[in-house]
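A.B. asks: Using numbering that gives the first Met the number 0, the letters of the sequence shown map in sequence onto residues 0 to 425.
Take the hints with a grain of salt, since some may be wrong.
[Said to hold, decoys possible] Have a look at the derived ranges for each label pair, beta carbon to beta carbon: (1) Thr311 to Ser360: 42 to 50 Å; (2) Arg379 to Ser262: 30 to 38 Å; (3) Asp405 to Glu161: 41 to 49 Å; (4) Gly331 to Asp405: 15 to 23 Å; (5) Arg314 to Glu269: 45 to 53 Å; (6) Glu382 to Gly275: 32 to 40 Å; (7) Arg379 to Arg299: 18 to 26 Å; (8) Arg379 to Ser298: 54 to 62 Å; (9) Glu161 to Arg379: 39 to 47 Å; (10) Lys158 to Arg299: 17 to 25 Å; (11) Thr265 to Ile86: 32 to 40 Å; (12) Ser360 to Arg82: 50 to 58 Å; (13) Gly275 to Thr196: 57 to 65 Å.
Since the hints were derived computationally from the structure, they do not count as laboratory data. Every residue gets a Cβ at the ideal spot worked out from N, C-alpha and C, and that includes glycine.
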Amino acid sequence: MDVPALLRFATAGSVDDGKSTLVGRLLHDSKSVLADQLEAVEAASARRGQDTPDLALLTDGLRAEREQGITIDVAYRYFATARRRFILADTPGHVQYTRNMVTGASTADLAVVLVDARNGVIEQTRRHAAVAALLRVPHVVLAVNKMDLVGYEETVFAKIAEEFTAYARELGILDVTAIPISALAGDNVVEPSAHMTWYGGPTVLEHLETVPVTDESTAARARFPVQYVIRPQTAAHPDYRGYAGQIASGVLRVGEAVTVLPSGRTSTIEGIDALGRPVDTAWSPQSVTLLLKDDVDISRGDLIAPTALAPTTTRDVAATVCHVADRPLTVGQRVLLKHTTRTVKAIVKEIPSRLTLDDLSQHPAPGQLVANDIGRVVVRTAEPLALDAYADSRRTGSFLLIDPADGTTLTAGMAGDAFTEHEWSL
């Protein structure tokens with residue numbers, strides 16, 4: 000029996016757009032809620048004087064979230080239908096939690112961006128679309144929610160869909176599916192709406208079940224960040240030297256010529272151990288141990304790649320970033336740069352521009368980036384790094400900037416050009 004394909008998706012939208020209600024409705028109507036969970040929600044809703052279950056409580060698990068009626072942290076939910084398995088990241092909508100959306104969408108195949116039909120596309124909608132484009136999320140669903148509060152008017156939906164699609168196209172998002180819904184009433188979430196007969200497209204669940212998902216990591220160039228060196232030095236394995244880690248992308252094969260970066264030394268894959276057994280081939284995202292033909296000096300943080308497709312190393316990293324810390328990022332600031340399993344000292348050499356979300360123009364030389372800003376940076380590292388462009392590999396093209404004093408994550412970075420169509424110049 001074939002295992003249904005996996006879809007990772009994230010929800011995003013402004014405060015009170017109904018993200019948690021949509022997720023709750025999706026789980027409830029697709030029969031993905033356990034009886035005791037539903038009973039707990041019904042009891043909590045009754046205590047708050049509500050006649051019907053507040054489905055948002057299925058995802059808003061923190062006490063502060065329930066008290067304030069907002070989502071604060073990323074809530075992950077796992078569910079499945081007969082057609083597909085899902086990992087869902089319900090991300091916060093408030094502007095101060097944009098950093099959480101970066102976390103939730105960084106591995107997503109699809110983003111569901113909610114818009115309140117009464118308010119239309121607002122700045123936070125643009126921010127979430129920009130983050131989705133920045134993170135190269137391949138599919139976007141525009142869920143125009145609360146259609147019941149605008150009389151299920153087709154013209155309202157059409158205007159919002161047209162405005163958002165045009166903005167998304169400027170960002171380079173080419174696959175946008177607009178769906179009119181009422182998460183509270185259940186219209187077009189799992190079941191088609193009887194109130195919007197003018198809409199002939201899929202429901203949210205139908206689209207999630209059928210959107211094509213391709214494993215880009217397997218098709219990408221092979222990259223193997225070394226996590227640990229295994230040397231048992233036992234009687235049974237006196238000369239065993241293996242390099243353990245998770246294949247970040249691509250496929251590795253026994254007999255393949257490889258280069259170790261940043262040193263540039265070369266060797267050949269002599270063996271691959273997976274789950275304690277030798278195999279001839281391994282692929283992303285498997286965790287394996289590589290054995291090389293030559294005794295090469297390799298340690299944690301090194302990157303092993305096929306010689307013919309090895310990345311170039313650099314100490315000057317130009318990237319688009321989303322600043323996630325409360326303290327600003329400034330020119331001249333000393334940071335740590337974490338890329339895969341490698342962490343090096345670095346300095347912020349330049350901040351060429353900050354993105355203005357309204358018209359996608361750039362504010363030149365801002366001097367600093369504050370919380371939730373999206374901008375361009377140039378970072379100089381103390382040691383060479385083997386980065387790919389983020390457009391080529393979401394795994395090996397991404398990095399974090401960290402405060403060396405206390406370990407706080409400052410900035411999430413994507414190496415290379417920002418958006419597919421709308422590129423910035425340095």
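A.B. asks: For this structure, which hints from the list above don't hold up?
C.D. replies: The structure conflicts with hints 1, 2, 5, 8, 10 and 12, although it agrees with all the remaining ones.
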